[in-house]
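Peer 1: Make a model of the complete structure from these sequences and hints.
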Amino acid sequence: MRPLLRKLLAPRHMEYLILDPNLNIQELSIGVDRFAENIDAVVEGNDVRVGFPELIGLEEVLDNILQGYRNSFELKGLTRAAKAPRTKHFYFDVNIMSDEEPERNQNCLLILFEDVTERMELEQNLVQRGNEASLLLSALNSTHDYLDKIVTFMADALIVTSADGTIKTVNHATKDLFGYSEAELIGQHISSVIPSQELWERVQHAYMLGQTDLLLNAEVNCITQPSKAQTTIAFSCSAIGS
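Under this note's numbering, the sequence shown has 74 at position 74, and the numbering climbs by one with no breaks.
Keep in mind the hints are simulated off the structure, nothing from the lab.
Computed from a prediction, not measured in an experiment: that's the story for all the values here.
Label-pair distances were calculated between CB atoms; the ranges are:
| hint | residue 1 | residue 2 | range |
| --- | --- | --- | --- |
| 1 | ASN95 | ASP47 | 17 to 23 Å |
| 2 | LEU75 | GLU44 | 18 to 24 Å |
| 3 | THR166 | ASP213 | 19 to 25 Å |
| 4 | GLU118 | PRO21 | 31 to 37 Å |
| 5 | GLU118 | ASN22 | 33 to 39 Å |
Yeah, the Cβ is synthetic: ideal placement off N, Cα and C, and Gly gets one too.
Peer 2: This is the structure in structure tokens:
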């Protein structure tokens, strides 16, 4: 192995081959055979395509690099079955460029092999997590739409408020029951519709105690439009997550 190449490639876990213009192996690094499909074929003097069938069909590209018409060529994300136990496969990139060979007075091809398994697995994990997040978001959106339809079209009146009683959402049944428009209700305190100080003190007390069911099936008076008449209704109040 060339000392300079060994120093340059070792930190990145890279190996190399040097080929003559006929694509025969002239020189190879010690560990390059692990990237080969046919390990036994990776010896000096052999046609590189026997050990690396990915190069079959690239002869014109390789000749253009030798002739100086092209600087380099890359093959990315190639995979091999790993030889180490408990490991299914690994990924590697191939970079091909020209290399002068003064002793033989000819241009040769330098092929670099880099193990990129960690990077590929990281990218795959990121893609998988992105897909999972997208599916989750889609499911959440579908659930939200479904719940919106349930809330909108349920027969019972439903009012959603903040913890301090400010009305945030109402459904059609609420508007029909009380006679108010949505714009007249949103942003108002619920006491403007159900004016019972004692009721809201009970609800707030139960809320402070961390109870989920704040009030169940109580009969309360509410104010309806347009006559401002009072109507008795059955009323339940529950806490929901934010």
